[in-house]
Amino acid sequence: MNTISKADMKTLFFVAIIALLAPFILNPFPTDSGLAQFNAGYPDLMQRFAIYGILAIGFNILFGLTGYLSFGHAAFLGVGSYSAVWMFKLLSMNIIPALILSVIVAGLFSLLIGFISLRRSGIYFSILTLAFAQMSFALAYSVLTPLTNGETGLQITLNDPRILAAENVSGNLPVTTLFGLEMRDTWAMQVGAWDFQFNIGYYICAIFLLLAFYLSIRIFRSPFGMMLRAVKTNQNRLNYTGINTRPYTLAAFVISGMYAGLAGGLMASMDPLAGAERMQWTASGEIVLMTILGGTGTLLGPVMGAGFIKYFENIFSKINDTVLHGWFSWMPDGLENIIVWVLHLFTGKGWHLTLGIMFMLIVIFLPGGLMEGMSRIGNWWKRRKGDDDAESKSTTTAAE
Amino acid sequence: MGILEVQNVNKSFGGLKALHNVNLDIEEGKIHAIIGPNGAGKSTLLNCFVGKLTPDTGTVMFDGHSLLGIKPYEINQLGVSRVFQTPEIFSELSVWENTLIPCFAKRDGSFTLNALSRVSDNKDMAEKAEKMLVDVDLINKKDMLASSMSRGDKRRLEMAMCLSQNPKLLLLDEPTAGMARADTESTIELLKSIQKKLKITMAIIEHDMGVVFSLAQKISVLAQGTVIVEDIPENIKGHPKVKEAYLGEAQVEGNMRDD
Amino acid sequence: MDAILLQILNGLDKGSAYALIALGLTLIFGTLGVVNFAHGALFMLGAFCAVSLQKLVAVSKITIDPSQVDFLGNPLKVKTPYVIEWFGPKIGNAIIDWNVPLAIIIAIPVMLLIGYVMERGLIKHFYKRPHADQILVTFGLAIVIQELVKANFGANPIPTPAPDQFVGSFNVGALIGLDASYPYWRLIYFAFSALIISSVFAFLRFTTFGMVVRAGMADRETVGLLGINIDRRFTIMFGIAAAVAGLAGVMYTPINSPNYHMGMDFLVLSFVVVVVGGMGSLPGAVSAGFLLGILESFASMNEVKGFFEMLYLPSIDQIIIYLVAIIVLLTRPRGLMGKAGVMEE
Ligand SMILES: Nc1ncnc2c1ncn2[C@@H]1O[C@H](COP(=O)(O)OP(=O)(O)O)[C@@H](O)[C@H]1O
Ligand SMILES: [Mg+2]
Numbered sequence: 070m071n072t073i074s075k076a077d078m079k080t081l082f083f084v085a086i087i088a089l090l091a092p093f094i095l096n097p098f099p100t101d102s103g104l105a106q107f108n109a110g111y112p113d114l115m116q117r118f119a120i121y122g123i124l125a126i127g128f129n130i131l132f133g134l135t136g137y138l139s140f141g142h143a144a145f146l147g148v149g150s151y152s153a154v155w156m157f158k159l160l161s162m163n164i165i166p167a168l169i170l171s172v173i174v175a176g177l178f179s180l181l182i183g184f185i186s187l188r189r190s191g192i193y194f195s196i197l198t199l200a201f202a203q204m205s206f207a208l209a210y211s212v213l214t215p216l217t218n219g220e221t222g223l224q225i226t227l228n229d230p231r232i233l234a235a236e237n238v239s240g241n242l243p244v245t246t247l248f249g250l251e252m253r254d255t256w257a258m259q260v261g262a263w264d265f266q267f268n269i270g271y272y273i274c275a276i277f278l279l280l281a282f283y284l285s286i287r288i289f290r291s292p293f294g295m296m297l298r299a300v301k302t303n304q305n306r307l308n309y310t311g312i313n314t315r316p317y318t319l320a321a322f323v324i325s326g327m328y329a330g331l332a333g334g335l336m337a338s339m340d341p342l343a344g345a346e347r348m349q350w351t352a353s354g355e356i357v358l359m360t361i362l363g364g365t366g367t368l369l370g371p372v373m374g375a376g377f378i379k380y381f382e383n384i385f386s387k388i389n390d391t392v393l394h395g396w397f398s399w400m401p402d403g404l405e406n407i408i409v410w411v412l413h414l415f416t417g418k419g420w421h422l423t424l425g426i427m428f429m430l431i432v433i434f435l436p437g438g439l440m441e442g443m444s445r446i447g448n449w450w451k452r453r454k455g456d457d458d459a460e461s462k463s464t465t466t467a468a469e
Numbered sequence: 002m003g004i005l006e007v008q009n010v011n012k013s014f015g016g017l018k019a020l021h022n023v024n025l026d027i028e029e030g031k032i033h034a035i036i037g038p039n040g041a042g043k044s045t046l047l048n049c050f051v052g053k054l055t056p057d058t059g060t061v062m063f064d065g066h067s068l069l070g071i072k073p074y075e076i077n078q079l080g081v082s083r084v085f086q087t088p089e090i091f092s093e094l095s096v097w098e099n100t101l102i103p104c105f106a107k108r109d110g111s112f113t114l115n116a117l118s119r120v121s122d123n124k125d126m127a128e129k130a131e132k133m134l135v136d137v138d139l140i141n142k143k144d145m146l147a148s149s150m151s152r153g154d155k156r157r158l159e160m161a162m163c164l165s166q167n168p169k170l171l172l173l174d175e176p177t178a179g180m181a182r183a184d185t186e187s188t189i190e191l192l193k194s195i196q197k198k199l200k201i202t203m204a205i206i207e208h209d210m211g212v213v214f215s216l217a218q219k220i221s222v223l224a225q226g227t228v229i230v231e232d233i234p235e236n237i238k239g240h241p242k243v244k245e246a247y248l249g250e251a252q253v254e255g256n257m258r259d260d
Numbered sequence: 039m040d041a042i043l044l045q046i047l048n049g050l051d052k053g054s055a056y057a058l059i060a061l062g063l064t065l066i067f068g069t070l071g072v073v074n075f076a077h078g079a080l081f082m083l084g085a086f087c088a089v090s091l092q093k094l095v096a097v098s099k100i101t102i103d104p105s106q107v108d109f110l111g112n113p114l115k116v117k118t119p120y121v122i123e124w125f126g127p128k129i130g131n132a133i134i135d136w137n138v139p140l141a142i143i144i145a146i147p148v149m150l151l152i153g154y155v156m157e158r159g160l161i162k163h164f165y166k167r168p169h170a171d172q173i174l175v176t177f178g179l180a181i182v183i184q185e186l187v188k189a190n191f192g193a194n195p196i197p198t199p200a201p202d203q204f205v206g207s208f209n210v211g212a213l214i215g216l217d218a219s220y221p222y223w224r225l226i227y228f229a230f231s232a233l234i235i236s237s238v239f240a241f242l243r244f245t246t247f248g249m250v251v252r253a254g255m256a257d258r259e260t261v262g263l264l265g266i267n268i269d270r271r272f273t274i275m276f277g278i279a280a281a282v283a284g285l286a287g288v289m290y291t292p293i294n295s296p297n298y299h300m301g302m303d304f305l306v307l308s309f310v311v312v313v314v315g316g317m318g319s320l321p322g323a324v325s326a327g328f329l330l331g332i333l334e335s336f337a338s339m340n341e342v343k344g345f346f347e348m349l350y351l352p353s354i355d356q357i358i359i360y361l362v363a364i365i366v367l368l369t370r371p372r373g374l375m376g377k378a379g380v381m382e383e
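Residue numbers (our numbering), protein chains in the order written: chain A, 70 to 469; chain B, 2 to 260; chain C, 39 to 383.
These aren't lab readings, by the way, just hints derived from the structure by calculation.
Just to be clear, a hint being listed does not mean it is correct.
Derived pair list, reagent style EDC-like, types lysine to aspartate or glutamate, alpha-carbon separation capped at 16 Å [claimed, not checked]: (1) B:Lys197 to B:Asp136; (2) A:Lys75 to B:Asp122; (3) B:Lys143 to B:Glu93; (4) A:Lys301 to B:Glu75; (5) B:Lys200 to B:Glu28; (6) B:Lys219 to B:Glu6; (7) A:Lys301 to C:Asp202; (8) C:Lys99 to C:Glu123; (9) A:Lys301 to B:Glu28; (10) A:Lys418 to A:Glu441; (11) B:Lys169 to B:Glu75; (12) C:Lys128 to C:Asp40.
A few chain A residues facing chain B, derived, Cβ under 7 Å [stated by the list, open to error]: (13) Gln259; (14) Pro292; (15) Ala299; (16) Arg306; (17) Gly311; (18) Leu319.
Just so you know, these numbers come straight off a predicted model, no measurement behind them.
The beta carbon of each residue, even a glycine, is placed where N, CA and C say it ideally should be.
Just chain A, same shape as in the assembly (with noise of 0.2 Å):
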């Protein structure tokens, strides 16, 4: 293949083997220990992080690319979960039909929004994404009940038609397959203490994080992907060359809806239902944090980032306050009372607020994310070894 250069098929190569040994590195520690809470190894964990790692690269390519700050990609996460389920209830279980329609309703419905929201560039987008946001959810959650079933929502039932599948008799609820390979279906793989699990699910969603983070980096790579970093530093300069850029940010704007799209596919695809939650400003808020997080506009970051957020979502959440109390119950009472009445503050259902002021840092101080850091310090790393073989060789000097 030499579609991608040699550099970039090195990430992409890093990237498939991390995601094939996930079950293995997610897990670094034996199961009974005190740390298990620590592991992601588990099926469900590790299919959020691909889901959510297809997310961000595809927001990535709108505001990583163009500049242009969309705060409604939770819309088309959630249009793709809804398209997927009604595939579910109509058609089959397969997951197929339901990713292709996931895509397509998701590629539309971005249509229609970015043609109205890339009338206008800067703040005004960014309002008028978020407007349309809170307007789908609106619609999810109460307006077009029939399609969404509101509150509750969207769900497969036992009377579902589902056409081209076969009568059900089992009485249970069907499951999600591709071809009849079940996405529940685990592995579990007992070594010494660990407890290492091969899910079908986290196994195909990886695989469209590949091909997702392939596309990426094409696209990066790219005549268009230039125009559209282009479009970030000087829109005035494309103008005089003759470039309405009008075509390339709603392109830009419709490819990353799809991604999104993908994504609230295989999410419904590993648990078939749909609620508008999933379209709250909220969510198109992580999908913007875990972008700058890992690093805006660079091919891994928004992977990392998306990984990042998910692994200490997980963390966190599950930190109650009786394993604070736990952790500090060698301290002296009062003071262990009031260390963790603040970490209280931070953990558990405290996650958001952690979430907020790691928004705020991460902006406020390392604007190109992890990414950023991780460069800064292999600079000064490299900085402190240069100086290191500076004094070395002086003093070898002196020595002669």
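With the hints as your guide, set chains B and C with the ligands onto chain A.
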């Protein structure tokens, strides 16, 4: 009949009349200089050609098309390119990418979703861009970030970007400002050779009279928003009205220095 | 006719809130050039000033009255709010009853202070940063404020009633020969908003301070060149915008019990209001606020809902504001009163 015809153009900013009944006729294949003291309205005039501003009244015709009421990108598609007074480049991209973008831009502005080919696989574009960078002597800076270059280099990059489009009319707003002497000379040479080779019509705003007189085939003098004289260079040199316009400014400058 | 009058009246209170928030947003945007995604949070903080005061005045001294016993036979614990103990039952009860209007007195300095700290501590550092960063950091701040309020006051709405005199409604329609009864407090809210809006306008119109600010909104750099310390004035402006949002929040509490996410709910709609009114236009923000508030209330009329049902369409009261925004944007991209050049990078 010129390739660019400007008739009775007026433009005010609030109470300030920046352009007052400006008439201008730029002949095809010539280099036409527009000179005048600071604040005379030269940049404003060019802004009316590229769609950055719309004149209050008057007409601007290029090659049989009106340039008023159409979008900047449509104007460029007609064949008008411009180098700005403050460089308009893609400052967060490399010099190389800056040059490539106009090469990739279709002349008719049509959009193709070229999302799967690699930039580096488009050999003909690369050749074109490379040639342009050699011409403006920036080839050894091609991997630099555009924003990290000197002002003179930025302007030459912008010139390369405009020239790679093969425009019919090239508008240059103080192209040599901020350049070292040697760069100025080479820029003059570049413009001259392009003019000879490609017969691109140019309108050039310039303060450096050396540049003006070695390049221009015709000169318009703008003062306080009106064209006071339009003639060939030989006749401009000793023209009393021109002296007055510039001397007026010199006096003002002198006063300011006294303060 | 009666129904129409009623809907207009019903739209006024929400419209007032939209108008007040949108006014502050526009002021901040026009002067500081920053879009403040935490502005809704300021509205919410105002509301929680009222909640806090309500909790504060309810703090009670517990005494044991041996002469009475509860149903278990234990001596009865009697709670007496400290305000009653200190000021006597008459004044004390009045304070408890009137806590929402009284909260205004607390909210003004508190909100001014919050605004000041926010601008000096955070926003100031973002003037020169890209718009996206400004949006992101204020968005993050909005989440933080919201979550802190939730941690402190819980997730459920907290009823904060109006003074007893204003509970109930009266027939406004009777004044002009119609029949439309309308809660007192909503009328007060509208009057209060009108008062604040006109004070802000008068302030901008007739004081030198206001004149400089208006000049600054028109052309920031030029005014800076005049040697006027525009930055300090902008800080004050931010404080004022925060106070306006806060007061809107305080007085809104009896209409809708405050909860931690009310800020974001109102913010999104107020943004739409700003967009419809025209970015950077104060009269636009105010009139669009009322307009959309009233339209929203019309869309929730049973007759309108019935009409849509007849056409087999869902009712649109939840999304009418957005639909209007789309139409306005498609036909008048600058909004109803927007000026050219504002917000067009
Ligand atoms: N966008 C604008 N708004 C207000 N005044 C302007 C604007 N652009 C130019 N001017 C004014 O118009 C006059 C002419 O400016 P300009 O065309 O830049 O002069 P120059 O001949 O030096 O290029 C100046 O007084 C300038 O201040
Ligand atoms: Mg100029």
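Problem set entry | Interface hint compliance - proline 292 (chain A) to chain B, C-beta minimum distance less than 7 Å | Constraint on proline 292 (chain A) satisfied, holds at 4 Å.
Problem set entry | Hinted pair lysine 200 (chain B) and glutamate 28 (chain B), Cα distance within 16 Å | Between lysine 200 (chain B) and glutamate 28 (chain B) the Cα gap is close to 11 Å, so the pair holds against 16 Å.
For this session: Let me know if the C-beta of glutamine 259 (chain A) comes in closer than 7 Å to any C-beta of chain B, holds or violated.
Result: This hint is violated: glutamine 259 (chain A) lies away from chain B, its Cβ roughly 44 Å from the closest one there, beyond 7 Å.
Exercise. Under the criterion that the straight-line Cα-Cα distance not exceed 16 Å, is the pair lysine 75 (chain A), aspartate 122 (chain B) satisfied?
Worked result: 14 Å, holds
Exercise. How about glycine 311 (chain A): closest beta carbon in chain B under 7 Å, or not?
Worked result: 4 Å, holds
For this session: Sort out whether glutamate 123 (chain C) lies within 16 Å of lysine 99 (chain C), counting only the CA atoms.
Result: 8 Å, holds
Exercise. Does the nearest C-beta of chain B fall within a distance shorter than 7 Å of the C-beta of alanine 299 (chain A)?
Worked result: 5 Å, holds
Exercise. Regarding the pair lysine 301 (chain A) and aspartate 202 (chain C), is the alpha-carbon distance no greater than 16 Å?
Worked result: Status violated; Cα separation ~57 Å.
For this session: Measure nothing beyond the straight line between the CA atoms of lysine 169 (chain B) and glutamate 75 (chain B); if it is 16 Å or shorter, mark the hint as holding.
Result: Holds: lysine 169 (chain B) and glutamate 75 (chain B) sit about 14 Å apart, inside 16 Å.
For this session: For the pair we were handed, lysine 418 (chain A) and glutamate 441 (chain A), check the Cα-Cα distance against 16 Å.
Result: 30 Å, violated
Exercise. Is it true that the CA of lysine 143 (chain B) sits at most 16 Å from the CA of glutamate 93 (chain B)?
Worked result: 13 Å, holds
Exercise. Between lysine 128 (chain C) and aspartate 40 (chain C), is the straight-line Cα distance small enough, at 16 Å or below?
Worked result: Not OK: lysine 128 (chain C) and aspartate 40 (chain C) at ~40 Å, beyond 16 Å, violated.
In the structure shown, a violation is registered for the earlier hints numbered 4, 7, 9, 10, 12, 13 and 18, in ascending order.
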